[in-house]
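Asks: Sequence:
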Amino acid sequence: MNLDFSSQRALVGGSTQGIGRAIAEELATGGATVTLLARNEDHLREVLATLPTPNNQVHDYVVADFTEPDTLTQQVQQYLTAHPEGFHILVNNTGGPAGGPILDAAVDAFRAAFEQHLVCNHLLAQAVVPAMQERGYGRIINIISTSVKQPLPGLGVSNTIRGAVANWAKTLANELGSWGITVNNVLPGATVTQRHTSLIEKKVAQTGQTTEEIETAMRKSIPANRFGQAEEVAAAVVFLASEAAGYITGTNVPVDGGRTGNL
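Read in the working numbering, the sequence shown has 195 at position 192, and its numbers run on one by one without any break.
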């Protein structure tokens, strides 16, 4: 199985922490030249300094905020003007919407989440796909959520927007398949990240239960009886980004320890 990315360039969103950072590190370990994409330049510099360089790659970064789609487009297009070779791999990843019952959600929360997730994913795809089409090869991987298959309690806005992103991705996969470009979604379950911690803290505040009580109940709902690690999600992404996964497209791949209750 060929998991060598030595001649490839990857653009990884939300790559200063959590799952995004783990993906960037694994791709770099495999030889890819990685461009980090996030909003905090200090954090970008910190991660850049730690990325593996087994092939003496020169990694770099783009500063952009997914809450500002127009600025994101401007920054990425400016980068591509200086690097017309573009990217072989695009990983769409950004932080999830705030939790809460769907009926309590403000309309603006849906608009903001739609722009941050679907619109920004779309703008990034529009920016990188032309170079992929020219070379007849590309990988687009979207980090979404298992709510694509089974809506999660207390995540009304997220459930809604994640489903829209999954349908966008399936449509894109169908349109790009003949160019050798695959589009797939990775669906993390309960994974140890800052978002995971913040959701647990919110449940503690709402219910009065202890962190340990909430975590124990959560683990009981997972057949693997544990939370996932960011590196485990990254492993699935690396496979889908590889040449070995060339005949896999338009799919949703849960990485959730078996928690999702449907096929």
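Everything labelled a hint here was simulated from the structure, so no lab data went into it. Certain hints may be false.
As the list claims (entries may be wrong) - List time: in silico BS3-like cross-link candidates among lysine-lysine, alpha-carbon distance up to 25 Å: (1) K173 / K223; (2) K205 / K152; (3) K223 / K205; (4) K206 / K223; (5) K152 / K173; (6) K173 / K206.
To be verified - Ranges between beta-carbon positions, derived for each pair: (7) N228 / G157: 19 to 25 Å; (8) S9 / Q81: 36 to 42 Å; (9) S9 / Q78: 22 to 28 Å.
C-beta: ideal position from N, C-alpha, C; glycine also.
Asks: All the hints need checking, so say for each whether the structure fits it.
Replies: To see whether the hints hold, each was checked on the structure:
| no. | hint | result |
| --- | --- | --- |
| 1 | K173 / K223 | violated (32 Å) |
| 2 | K205 / K152 | holds (24 Å) |
| 3 | K223 / K205 | holds (19 Å) |
| 4 | K206 / K223 | holds (16 Å) |
| 5 | K152 / K173 | holds (14 Å) |
| 6 | K173 / K206 | violated (33 Å) |
| 7 | N228 / G157: 19 to 25 Å | holds (22 Å) |
| 8 | S9 / Q81: 36 to 42 Å | violated (27 Å) |
| 9 | S9 / Q78: 22 to 28 Å | holds (27 Å) |
Going down the numbered hints, you'll see the structure goes against 1, 6, 8, while the others check out.
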